[in-house]
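Participant: Sequence:
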Amino acid sequence: MPDPPKRARAAACVNCRVRKRRCVPVEDGRGCRLCKSLSTPCPNEPIEATGPSTGLKKTDFRTKREIYHDLVPLYFRYIHNVAHTMIHEASFRHRLQNGRASMLQVYAMCALAARFSDSSHFQGVARGKRGKMYISEAEHLTQQSLIAPSLESVQGLILIGYYYGGEGNTKAKHIYSGLARLHAEALSFPDIPNDVSPMRQEEHRRTWLSVLIASHWTTTDMSIEPVSFIHRPDVINPEVDDATFHSLDPERQQETDTSPCNMWAQMAKTLDIFNKTSVLLRRLSQCLIQFSDYCIEASRLQAALDQWEHDLPPGLAYNEANIKSLVRQGLGRTFLAMHIGLHHFRQMLFFPFLDAHGDHDITELAQRATQCKASANIVSDIIEHSTYIEGCDLNYFIYGHIAVISSCVHLHALLFSGDHVELSEARKRLISNFEYLMDLKSYWPVVDHSVARLRKFQKSCQDSMSDSFVLDNWMVRFLTEHSSNLSERQMPSSHPSGRTTISSDLPESFETSHSAQTVTGVHGLSSLLQDPQVTSSALVNHAIDWLLD
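Just so you know, we're using UniProt numbering here: the sequence shown kicks off at 1 and counts up by one.
Incorrect hints may appear among the rest.
Label-pair restraints from in silico Cβ distances [claimed, not checked]:
| no. | residue 1 | residue 2 | range |
| --- | --- | --- | --- |
| 1 | R93 | Q144 | 17 to 25 Å |
| 2 | H310 | R95 | 19 to 27 Å |
| 3 | N194 | A317 | 20 to 28 Å |
| 4 | R300 | N98 | 32 to 40 Å |
| 5 | Q143 | K428 | 28 to 36 Å |
| 6 | N98 | C287 | 27 to 35 Å |
| 7 | R22 | I147 | 30 to 38 Å |
| 8 | E66 | T387 | 29 to 37 Å |
| 9 | S292 | P73 | 47 to 55 Å |
| 10 | I389 | G99 | 36 to 44 Å |
| 11 | R100 | N194 | 35 to 43 Å |
| 12 | D439 | Q97 | 47 to 55 Å |
| 13 | G124 | L146 | 45 to 53 Å |
By construction, these hints were calculated from the structure, which means they are not laboratory data.
Each residue gets a CB set at the ideal place from its N, CA and C atoms; glycine is no exception.
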């Protein structure tokens, strides 16, 4: 039988080009003979779906390379520097162009980014299902590097973990985040190698920070204590300014100055506050502390958040001028991500004070409840900015969870408040949040889990003639676990944490109204918002129906 024809030079895989060998396809078309003999993945090996549910067709090597060059920029456009910061974009894209990029990273990036593509290759495939074929390939390559850790393997494992977070698979996310941490520790992270360029050193720092962020968020999602990094500093801050890092020459060798305006270095300082807030909420829900103790600890955490915000450089304070300035630098998303995180931590911290009554300082409780509502309002405002300001879009699944918590605060105001100004603002912000969530859930399957919680939360309010915000275990999981699929809440029969219940009946507006017609589309939702005859409870019912449709 004659040998298969060799590929033209331009079509040869990078391994054959580097070795100046003939690139001869194997009989089944899955790669070339040289790569097969070396037991290495062939860059020209075609991708095919691992199951019938993806709807994607087998692609040849040329189409495959085109897809890579379509999806990798989308990863840097929508995911990187919002969810994490690890990879120097210019260097990676240069390696990709030359066929030297880590395929583990490439496949993981494609798994995250395929949902944002408008390529005809994905025609007829739901956005949330497009990443399955790529994640399968990434996991296959993970097996080959499981005991051969590298900077690239750490980064690839984090990306796979985030993919599963977007799927709502918390266990897989936790496992891959844990593997990334183990690989990092095996490489003696956070120690920085001295024999590499400043850019490579900065990648090490940012990757270690991303490992810490992933570890803290995933342990919270699993309702377990954060991992202790024995004999290692908790955080090694990035030292290169964000804008400088993303434009840094990969060949540059001279030292770079530490910048006080590095947003990721600023965000790193809030990790400990986030951990303590999550643990404090969990301890209250498990009756390990009294509500009075929670108030004391909450004051300390509030002071820490206030101090963090106060210490921000003037150029990073939250205002319109800084938004415009950072958008021009290509850092608008990172800026909004930093500030939405701050106000999410606040709305979490103050959430137990909504409708808290009893043997406590009523004035203090009212102030904390007001702070919760103020933070939820700012979260909604940031989400609206991300929707309408070019270069600021927050299309990552974690912001769906944050928007749901903000929406619950607005929902609480609509169901329990008698203040007409507060009701009007809550209606507008709730609808704005829902429009954002409706768009986001088409990209990320886990957002469907998040929005489904709104119905469960509403039901728990309607089923309870007492304080709907008693911090039981269900409510804490609702607040902190952004990827879990929660069961129905079981109402507690007593409140040993020291909380007391509301004895008064719910306001009249809480009763279900059928005066509004079924909502269809955003315009129908907006019409309900403008209709003064639609009660708050009816608005909530119809808006949630629309969102869950």
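Participant: Checking each numbered hint in turn, tell me which of them this model violates, lowest number first.
Facilitator: Violated hints (numbers, rising): 2, 3, 4, 5, 6, 11, 12 and 13; every other hint is consistent with the structure.
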